[in-house]
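2 protein chains.
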Amino acid sequence: MKVAGFRAAALAAGLRYKDRLDLGLIVSDGPAAAAGVFTQNRVQAAPVLWSKEKPTKGPVRAILVNSGQANACTGPDGLDAARRSALSASQALGCGPDEILLASTGVIGQALNVSGIEKAMPELASGLDEKNLPLVAQAMMTTDTKPKIVKAQGEIQGRCFTVVGLAKGSGMICPNMATMLSFILTDAVVTAGLLQDILGRAVAKTFNRVTVDGDTSTNDCVLALAGGRAGNPALTDRGSLGRAGFEDVMTTVMAELARMIAADGEGATKLVRLAVTGAADDSQAEAAAKTVANSPLVKTAWFGQDPNWGRIMGALGRSGAEFDPEGVNILVDNAPLVKDGQDADHEAEAASVMRQAEFSLSIDLGAGLGRAEVLTCDLSLDYVRINADYRS
Amino acid sequence: MKVAGFRAAALAAGLRYKDRLDLGLIVSDGPAAAAGVFTQNRVQAAPVLWSKEKPTKGPVRAILVNSGQANACTGPDGLDAARRSALSASQALGCGPDEILLASTGVIGQALNVSGIEKAMPELASGLDEKNLPLVAQAMMTTDTKPKIVKAQGEIQGRCFTVVGLAKGSGMICPNMATMLSFILTDAVVTAGLLQDILGRAVAKTFNRVTVDGDTSTNDCVLALAGGRAGNPALTDRGSLGRAGFEDVMTTVMAELARMIAADGEGATKLVRLAVTGAADDSQAEAAAKTVANSPLVKTAWFGQDPNWGRIMGALGRSGAEFDPEGVNILVDNAPLVKDGQDADHEAEAASVMRQAEFSLSIDLGAGLGRAEVLTCDLSLDYVRINADYRS
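Those sequence lines, one after another, are chains A and B. Read in order, the letters of the first sequence are residues 1 to 392 in my numbering. Read in order, the letters of the second sequence are residues 1 to 392 in my numbering.
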C-alpha cells in the first residue's frame, strides 16, 4: 500500500499509553500541492487552527499526526504546543514549519505531550519508508478496531497514477459525533486549487454522507497531498483532460474509507445504508434520513435485530419532512417492512435481513422527488461500554 | 390520592400480556370541562385523532386508556377500533361516545385489541371507585418502573380545590423519544377555554422542558378535566380571582410529574437538570441545551460518572449557538468543570458530584442573556437492553 513520492513512519511515543503506535509522519519527497476540509465546529482544536490556512499559502511537505490528545480546548498553550510540534518535524525534515500540516485525535482538553513528540522525532524521521503508510493508519486509531487504508489507481492521458487514502473514525454511532481524520495521497500532478475543488466535492459525496454536513467534532479534517511523481500533464482546472477520471478515483477511495468508518462505528454490529426517496425536496429527505439515522430507539432496534418499524415512522413524523403517513413505504433490502404506512406483513423476512451485518433501509415518503442517503450503524451495549469507560 | 367528583378503575384485560394492569378508566360524576395538548408528530395515533378535537366541542365524561398497543399506523381499521372502544365505554357509562377521550401507549403498528376492551368493559365500569386513580397510573405503564401520580391543593376565594395528575413516560433518554401520557384532574370550577389556556402554558413550563417542543411521539397527549365539585366561583378568564393560584397548583403537579418521567427514563441512573445561560438569545440557549442533552457521547459519560467535559464543548460547538469557546464556563452543581473554555482543574470534586443520582449542569456561554433549561438523564447499558428487547 504505497504511492510514489511519499514515505511514512510511525512509532509508539508514549504520548498517552505505552507500547501503542501514537505518532505518525507522512512526507512528500518534494513540495506537494495540498488541500484540506476542516471541522465546521465552533470549537476548533489547535492542530485545525494551525493547518486550515496552510494549503492555500503554498506547497506542503508533510503531515504529522498523533493520537492520545486532541489538543482541543487547550487555549494559547495548545496553539504553542502545535507550533512546537510542527517546528520539530520541520527541523528533522529540513523544511519550514509552515510546510507541516498537523492533525490530532484523542481526549479533548488535555495538553499535547509535545516533549514526547520532540523526543521521538529523530527516530521517527529516520524510519521514513514508502512501505510504512499502513503504520500511520494504525498510529491514528483511538477506539477504532481496524486501521483504514485504501488504494486505487487510474490513468491520465496515458500516465498511471495512484491514490492512497488513510482514515480514522469510530465514534460514529450517531453520525454527528465523528472524530474523523483522513489523509488522501496521490502521485498525480494536480494544482492545489483544483485539488481543493475536487476534495470538497468528494467529501460531500463520501464522508459527509456519514457525518452529515456541519455536525463535526473539534478535530475533524481531511487533508489531500498531490506529490506529482506520476508525471501526467498537470490537471489545473475542471476542463483538464483526465480530471473526471482522477476525481472518480479520489471519490472511490474516500467512499470506501467512509464505509469502513461507518462499519467500524463504536460498538457497531450493523452497517446500515439508509436511503430516503420521495421527499418533497432533497433537504427534507436529508432531515428525514438524519432523524432516523440518529434515533436511539431505531438504532437499538437494529442492534436487537428487531423490525420494529413503528420507531422509524415516529422518527420520520418528527423530522420536519412533509408527507402523508399513508404514503410511506419502507423496505429492508428487498423485504417489505411498511406498505402504505402500515405493517407490510413480511416480518419474518425482514427479521432475517436484519440478522445480516449489513443491510439497506429504503424509505419512500411518496411526497416528491427529493432524495438523500446516509451510512450509519446500530447502537449497541458495547457503544455504551466504550463511551462510559473511554477515559479510564 | 383522590379528587372529588372523579372515580376510576383499572384491570388486567390481557390486551397484550396476561396478569398485568393494562386498561384504565377515569370517570367524572358529571360533565367536566376538558382541555388537551397533543403530539405535534406528523404521524398521529388513532386515539389522538379521536380525542384531539373533543375538548373544544363540549364537556367530557371519561378517559379510557390502555397500554400494550399504541393503535398508531393502523389506518382506517385503527380509527374504527378507537371508535368502538369509545362506544363500549359510553354504553357502560350511559353517555355519548363523543364524551369519551381515548389514550393508548404500546407498540406502534399493531391492531388494538378492541374485543378485549369490550369484553372487559362491564367489569371495569362496575369497579369504579374514587380510590382507584393509582391503579390507572399503573395500567398506563409500559417500560416505566414506577407509577407516576401527584396531588396538590389550593384555595380559590375560600373554597379548597384539589388537582391530581397521572403520567406515564419512560422512553425518555433522548428527550425527543418520549411516549408520554398525562391526565390532570381537578374539582375546581374552570371553563374549558381557560383550562386549555392554563394547560398550554403549564405544558410549556413542565413536560416540554423534558420532551422539547415538537419532538413528540405518535401518541403523546396531556388531558385535563375539571369536574367542578369544589364549588368555587367559576374561573372563566385570566382575570378571574384565584386564577393565578390555580395555575400555580396545576403547574406544580405537572412539574413534579415531568421530574418523575425524566428520573424514570429508560435505564436512567442519573437525572440531570441542564441549564444554559449567557446565550445570544433564548432560542440559541435552547439549541445548545438540546444538543448537549441529546448527545450520546455526553450521556454515556454521565453514565460512566466521568467529568469528560470535552464532549460537552464538542456538542456546544456544533449546536449552532454563537459563542467564543474561551468565554464558556461550566459547573456540575457547584464544582467548576470548565473555566474560560479550558479545564477548571476540579476534576475530583466534579466526579464526586456526578456519583450522585441527581445533579445540575450549568453552562454559561458568556455571549448574552439567553437562557433555557431541560431535564434529562444518562444513556446506560439498560437503555440499550430495554430497547433492543422491547417487543420480545
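Calculated from the structure, these hints are not laboratory results. Just so you know, even glycine gets a beta-carbon here, dropped at the ideal spot from N, CA and C. Each hint should be verified, as a subset may be incorrect.
Unchecked claim - Under the rule of at most 30 Å between Cα atoms (straight-line distance), these lysine-lysine pairs were calculated in the DSSO-like manner:
#1 B:Lys52 / A:Lys339
#2 A:Lys146 / A:Lys119
#3 A:Lys18 / A:Lys119
#4 B:Lys52 / B:Lys119
#5 B:Lys146 / B:Lys18
#6 B:Lys2 / A:Lys52
Claimed, not checked - Not close to chain A: a few residues of chain B, all C-beta gaps over 12 Å, as computed:
#7 Ala125
#8 Leu135
#9 Asn294
Quick rundown of the hints versus the structure:
{"no.": "1", "hint": "B:Lys52 / A:Lys339", "in the structure": "holds (26 Å)"}
{"no.": "2", "hint": "A:Lys146 / A:Lys119", "in the structure": "holds (28 Å)"}
{"no.": "3", "hint": "A:Lys18 / A:Lys119", "in the structure": "holds (15 Å)"}
{"no.": "4", "hint": "B:Lys52 / B:Lys119", "in the structure": "holds (26 Å)"}
{"no.": "5", "hint": "B:Lys146 / B:Lys18", "in the structure": "holds (19 Å)"}
{"no.": "6", "hint": "B:Lys2 / A:Lys52", "in the structure": "violated (65 Å)"}
{"no.": "7", "hint": "Ala125", "in the structure": "holds (31 Å)"}
{"no.": "8", "hint": "Leu135", "in the structure": "holds (27 Å)"}
{"no.": "9", "hint": "Asn294", "in the structure": "violated (8 Å)"}
When each numbered hint is compared with the structure, violations occur for hints 6 and 9.
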